[in-house]
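K.L.:
Next come the chains, spelled out residue by residue.
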Amino acid sequence: MAEMNVSGGGGHKKGPKKVRGKKMSTRVDLTAMVDLGFLLITFFMLATTFNKPKTMEVNKPAKEDKKVEEPPIKMSKTASLMLGANDKLYAYVSPDEIDAETELEVDSIDYSPNGLRKFIQRRQQEVQEQWGDKEQLFIMIKPLPASTVKNIVDVLDEMTINDVKRYAILEPNDPIDSLIALKTGQKRK
Amino acid sequence: MTAMCDVAFLLLTFFILTTKFRPQEAVQIDIPASTAQIPIPDKDIMLFQIAPDGRLFFNLDDQPTRLALLDKLGTAYSIQFTAEQQNAFRTLENWGMDIRALPDFLSKDPNERAHIQQPGLTIDTTGGQHQVEDLILFSRQANNNLRIAIKGDKATEYRHFDKLIQALQNRKVNKFNLITSARAAKE
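Going line by line, the protein sequences match chains H and E.
Per the numbering used here, the very first residue in the first sequence carries number 338; after that it's consecutive.
Per the numbering used here, the very first residue in the second sequence carries number 545; after that it's consecutive.
Among the hints, erroneous ones may be present.
Unchecked claim - Below, simulated BS3-like cross-link-like pairs (lysine-lysine); rule was C-alpha separation at most 27 Å, straight line:
#, chain 1, residue 1, chain 2, residue 2
1, H, K400, E, K707
2, E, K587, E, K564
3, E, K716, H, K502
4, H, K425, H, K520
5, H, K455, H, K400
6, H, K400, H, K502
7, H, K389, E, K587
8, H, K397, E, K652
9, H, K397, E, K564
10, H, K425, E, K698
11, E, K707, E, K616
12, H, K397, E, K719
13, E, K652, H, K400
14, H, K455, H, K471
15, E, K564, H, K520
16, H, K414, H, K471
17, E, K698, H, K524
18, E, K719, H, K502
19, H, K411, H, K400
20, E, K707, H, K524
21, E, K716, H, K425
22, H, K425, H, K397
23, H, K389, E, K698
24, E, K698, E, K719
25, H, K520, H, K455
26, H, K455, E, K698
27, E, K719, H, K389
28, E, K564, H, K389
29, E, K587, H, K425
30, E, K616, H, K389
31, E, K707, H, K414
32, E, K698, H, K502
33, H, K455, H, K411
34, H, K414, H, K455
35, H, K400, E, K716
Keep in mind the hints are simulated off the structure, nothing from the lab.
What you are looking at is a predicted structure, and each value in this text was computed from that prediction instead of being measured.
Go ahead and model the full structure; you've got the sequences and the hints to work with.
P.N.:
As structure tokens, then:
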């Protein structure tokens with residue numbers, strides 16, 4: 338099976354036979370070479386990294402030495418996401434002003450399209466109705482120490498999927514954050 | 545037969561030319577998936593890897609940059625690296641240990657090195673040892689175009705990740721890349 342026939346055409350030519358010298362065999366055994374070829378292919382296929390990993394760009398706000406006074410964002414334009422241990426996610430919307438009467442609703446949601454994505458989309462709609470522009474929505478992402486890298490990536494990914502333009506990764510420093518951390522029995526720092 | 549042989553060697557050539565070898569991993573890292581589409585650049589990369597247990601590993605992509613880094617480290621930590629140690633560092637990918645433990649590690653033969661459980665970079669900011677910050681600073685001095693990538697395991701806790709980000713921000717790096725694998729946005 339493994340030979341190469343170099344003598345062209347096949348079939349006999351008509352006419353008077355030419356006088357030639359003694360024919361040398363042109364058949365070379367290729368089996369070993371092909372074996373080696375496939376061995377090398379196998380090696381390179383296994384050693385290659387396919388599916389080059391992708392990257393996700395993260396920008397953190399610069400640490401300013403001087404405090405720049407910025408007008409605070411209206412809380413009604415925001416939503417806060419607290420990332421907790423065991424893939425738990427706590428979402429809430431702070432009211433504009435907190436007083437003794439204030440009642441706060443904290444949702445415990447998960448990272449699935451039904452949980453997080455629904456929450457963001459609902460919030461986008463509310464901001465759209467109140468402020469006329471859903472890009473005003475500002476999402477505060479507050480990871481607790483026990484959350485994982487996967488959680489962060491999932492949340493950031495959801496920002497891209499839902500086209501949320503304004504978001505930031507912040508420390509959970511709010512009084513509400515400490516309350517939630519306390520209630521759910523998680524460490525804040 | 546001839547055709548098959550041709551195809552085989554064509555494939556072989558293709559694989560030889562397109563292969564970039566898998567770097568030797570100091571630790572197995574299972575990266576999270578995202579819908580991000582930007583491919584990771586081939587060069588000018590400073591890579592931090594965070595294992596699930598919080599150990600931190602470091603990799604620079606370019607051999608001259610590595611040598612320049614080692615030179616600066618030697619000066620800053622007053623360590624004299626021998627020619628063999630420099631040579632070993634030049635080809636060293638993904639390492640994570642206290643900088644003062646480096647000469648000892650580099651003197652070992654490569655086979656032995658591969659089997660040592662590395663303790664991770666010293667990131668503790670108490671006691672005046674800002675080793676990770678030094679690494680970031682010196683690497684960027686050695687190559688100004690470096691981009692910073694972080695490869696964290698799915699299960700790495702945020703507190704480990706946060707420490708690294710603090711170190712980066714202390715060195716005025718506010719922009720970095722998280723390495724993820726690709727997936728489609730599910731409905």
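K.L.:
Against this structure, judge whether each hint is valid.
P.N.:
Cross-check of the supplied hints:
1. K400(H) x K707(E): holds, 15 Å
2. K587(E) x K564(E): Satisfied, since the Cα-Cα distance of roughly 12 Å is no more than 27 Å.
3. K716(E) x K502(H): holds, 24 Å
4. K425(H) x K520(H): With Cα atoms ~13 Å apart, K425(H) and K520(H) stay inside 27 Å; holds.
5. K455(H) x K400(H): Roughly 33 Å between the alpha carbons, so the hint for K455(H) and K400(H) is violated.
6. K400(H) x K502(H): Holds - the C-alpha atoms of K502(H) and K400(H) are around 21 Å apart, at most 27 Å.
7. K389(H) x K587(E): This hinted pair holds, its Cα atoms lying about 14 Å apart.
8. K397(H) x K652(E): Answer violated: K397(H) to K652(E) is near 40 Å, above 27 Å.
9. K397(H) x K564(E): This hinted pair is violated, its Cα atoms lying about 32 Å apart.
10. K425(H) x K698(E): holds, 15 Å
11. K707(E) x K616(E): The given pair, whose Cα atoms are some 24 Å apart, holds under the 27 Å limit.
12. K397(H) x K719(E): With a Cα-Cα distance of about 6 Å, the restraint between K397(H) and K719(E) holds, given a limit of 27 Å.
13. K652(E) x K400(H): violated, 42 Å
14. K455(H) x K471(H): Between K455(H) and K471(H) the Cα gap is close to 15 Å, so the pair holds against 27 Å.
15. K564(E) x K520(H): violated, 50 Å
16. K414(H) x K471(H): holds, 9 Å
17. K698(E) x K524(H): holds, 20 Å
18. K719(E) x K502(H): holds, 17 Å
19. K411(H) x K400(H): holds, 22 Å
20. K707(E) x K524(H): holds, 16 Å
21. K716(E) x K425(H): Violated: K716(E) and K425(H) sit about 32 Å apart, past 27 Å.
22. K425(H) x K397(H): holds, 23 Å
23. K389(H) x K698(E): Measuring from Cα to Cα gives roughly 18 Å; hence the hint holds.
24. K698(E) x K719(E): Cα-Cα ~21 Å, so holds.
25. K520(H) x K455(H): Roughly 24 Å separates the two Cα atoms, so the pair holds.
26. K455(H) x K698(E): Since the Cα atoms of K455(H) and K698(E) sit roughly 23 Å apart, the hinted pair holds (cutoff 27 Å).
27. K719(E) x K389(H): holds, 21 Å
28. K564(E) x K389(H): holds, 10 Å
29. K587(E) x K425(H): Roughly 37 Å between the alpha carbons, so the hint for K587(E) and K425(H) is violated.
30. K616(E) x K389(H): Violated, because 32 Å separates the two Cα atoms, which is more than 27 Å.
31. K707(E) x K414(H): violated, 30 Å
32. K698(E) x K502(H): Holds. K698(E) to K502(H) sits at ~25 Å (cutoff 27 Å).
33. K455(H) x K411(H): holds, 22 Å
34. K414(H) x K455(H): holds, 17 Å
35. K400(H) x K716(E): holds, 8 Å
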